[in-house]
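Undergrad: Each chain is listed here by its residues.
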Amino acid sequence: MSGRLGISGRANRPGTSIMMLAQARKALNSKPMSVLIYCGVMYLIIYGCLAGAEAMGYNWQWYRIPDYLFRMTDDGFQWGEISVGLVKTLLLSGQAFLLALIIGLAVALLRLSGLVVGVAVSIVFLEFVRNMPLLVLLYLFYYIIGAIFGLDRYTASVLCLAVFHAALVSEIFRAGINAVPVGQWEAAKSIGMSTVQCYRYIILPQSVKFMLPPMTGEVVHMVKSSAIVSVIAVAELTTIGRNLISDTYMSFEIWFTIAAVYMVVTLMLSVFVTFMERRYAVST
Amino acid sequence: MPETQPIIEIRNVDKFFGDFQALSDVSLTVNSGEKVVICGPSGSGKSTLIRCVNRLEEHTSGQLFVDGIELTGETRNIRAVRMEVGMVFQQFNLFPHLTVLENLTVGPLRVRKISKADAIARARKYLERVHIPEQADKYPAQLSGGQQQRVAIARSLCMEPRIMLFDEPTSALDPEMINEVLDVMIELAESGMTMICVTHEMGFANRVADQMVFMDGGKIVEIAPPSVFFTKPKNPRCREFLDQILEH
Ligand SMILES: Nc1ncnc2c1ncn2[C@@H]1O[C@H](COP(=O)(O)OP(=O)(O)OP(=O)(O)O)[C@@H](O)[C@H]1O
Ligand SMILES: [Mg+2]
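Chains as they are written, first to last, in the numbering used here: chain A, 1 to 284; chain X, 1 to 248.
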């Protein structure tokens with residue numbers, strides 16, 4: 001603020017225009033004005049979409065969507081295709097993330113081990129994964145590694161996602177471990193702990209609180225990037241969306257719904273993290 | 001007989017950090033039960049010397065024997081030595097995620113592998129020794145500095161070491177808490193523990209030390225019993241240093 005005033009002073013211009021600007025900004029930031037603008041923008045976007053769809057003669061069939069979430073049939077309650085797809089996505093992401101945690105921890109420990117071979121291996125791994133588009137990595141895993149080792153498409157997908165995220169996860173581990181003060185290592189060693197015991201009882205438990213927020217961000221990232229396996233037709237939310245569209249031609253409704261489902265899941269994860277962070281902050 | 005037996009032998013030890021020589025040709029023998037107090041100006045290598053004794057620093061050349069075990073790259077020897085050597089740090093370095101009791105039991109449980117009941121009994125015994133039995137279930141952050149440092153002493157004692165190293169244990173404390181820590185250290189000294197203390201608390205040093213060591217520029221330049229050390233030190237740097245701190 002002071003910088004801006006300083007500049008206007010040097011330009012020898014009276015401050016009135018700046019005051020008007022400030023007033024305009026204040027008015028724009030007031031609550032009713034913000035709500036009004038927000039509604040206006042949203043209205044324009046939605047109206048634009050609807051008008052566009054109208055113009056191309058799109059036949060909206062939103063009423064059919066709930067059936068793909070769940071339905072009541074003569075046999076009783078039944079989950080719809082989209083719900084089943086969501087469960088598969090969560091399962092796939094969950095398995096891949098667990099594996100990513102294991103690989104990521106191993107890579108981080110190798111990197112921190114100070115052994116020349118360990119450091120070299122971890123750096124090669126990190127650079128390889130980091131400089132590879134996820135889609136290409138998936139093709140490598142499916143068409144090459146999968147073919148060599150006879151992996152089915154689901155296993156290849158889990159491995160690919162795990163390896164891709166292990167690179168990111170290992171950096172989170174490394175940062176979290178490095179955030180623990182060196183005095184903790186010295187105290188643990190001075191009572192005779194081995195390196196493994198230092199990590200297990202002293203260092204890792206303390207790095208959890210540094211790692212929790214970025215780790216959950218990584219889970220959200222994993223759920224989103226798992227959609228890519230639809231290109232090799234692994235059954236999950238996005239693939240099921242594509243299949244439904246080729247059956248029903250309701251591409252607008254289904255893509256909107258799929259997008260909303262992803263958003264609900266990732267938003268819930270984010271709320272969960274905030275909650276965990278608060279709880280953790282109190283207990284230590 | 002064990003009174004005169006050497007328990008720590010430092011022979012012609014050098015220590016380099018890159019090109020910088022932090023210790024040069026340091027030799028020192030400490031007998032079992034003896035108390036050695038090391039003082040000297042900042043950067044003279046006091047911390048480096050005692051950290052070599054439990055291998056938190058690796059000496060570059062020379063030989064170092066602790067309790068008959070030579071400190072080399074051998075991991076087993078290093079851990080055996082560390083179990084016999086307790087260390088108390090200037091910044092306490094308590095484990096903040098563990099309660100006081102857990103701070104004291106984690107070593108005996110995981111390193112000495114004694115039973116949980118024994119570890120807890122031992123922890124309570126040493127908390128009693130440092131006069132804070134009532135703080136067992138608190139976290140370190142809930143204690144005063146003096147209390148934290150006494151917990152740190154108890155944590156080392158729980159490993160039942162034969163030697164205790166202290167690196168300026170009272171320098172991070174508010175003045176009113178210094179004595180509670182020194183009192184615990186005096187009691188420990190009177191119990192017959194072998195101790196090497198880096199400290200500038202000369203009242204304490206005069207009371208417990210068998211040998212006073214003065215370091216300057218990575219060398220031991222004066223070594224004498226307190227009666228001689230405080231009255232007629234030979235080294236001029238040492239005299240100057242003593243004049244400076246005894247003024248306060
Ligand atoms: N890890 C290290 N890397 C490089 N130099 C170091 C390292 N540790 C200590 N030194 C240097 O070695 C010298 C001796 O350090 P040391 O900590 O032993 O001194 P000190 O006598 O304990 O001093 P103080 O009273 O300040 O604690 C210092 O000049 C210091 O800068
Ligand atoms: Mg020091």
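It should be emphasised that the hints constitute simulated quantities derived from the structure, not laboratory data.
Cβ atoms here follow ideal geometry from the backbone N, Cα and C, with glycine treated the same way.
It cannot be assumed that every hint is accurate.
[Unchecked claim] Result set (SDA-like, lysine to any residue): computed pairs, CA atoms no more than 25 Å apart in a straight line: (1) A/Lys209 with X/Lys113; (2) A/Lys209 with X/Leu98; (3) X/Lys113 with A/Arg200; (4) X/Lys138 with A/Glu186; (5) X/Lys116 with A/Arg200; (6) X/Lys138 with A/Val124; (7) X/Lys138 with A/Trp185; (8) X/Lys234 with X/Leu98; (9) X/Lys138 with A/Tyr199; (10) X/Lys138 with A/Arg279; (11) X/Lys138 with A/Phe210; (12) A/Lys209 with X/Tyr139; (13) X/Lys113 with A/Tyr199; (14) X/Lys138 with A/Gln184.
[Unchecked claim] Have a look at the derived ranges for each label pair, beta carbon to beta carbon: (15) A/Ile102 with X/Asp183: 33 to 43 Å; (16) A/Leu212 with X/Asp183: 48 to 58 Å; (17) X/Ser115 with A/Ile144: 34 to 44 Å; (18) X/Glu70 with A/Ser113: 48 to 58 Å.
[Unchecked claim] Simulated coverage check for chain X against chain A, where a stretch passes if three residues somewhere in it have a Cβ under 8 Å from a Cβ of chain A: (19) 5-11; (20) 17-26; (21) 99-111; (22) 153-167.
Undergrad: Of the hints given before, which are not true for this structure?
TA: Violated hints: 1, 6, 8, 15, 16, 17, 18, 19, 20; rest satisfied.
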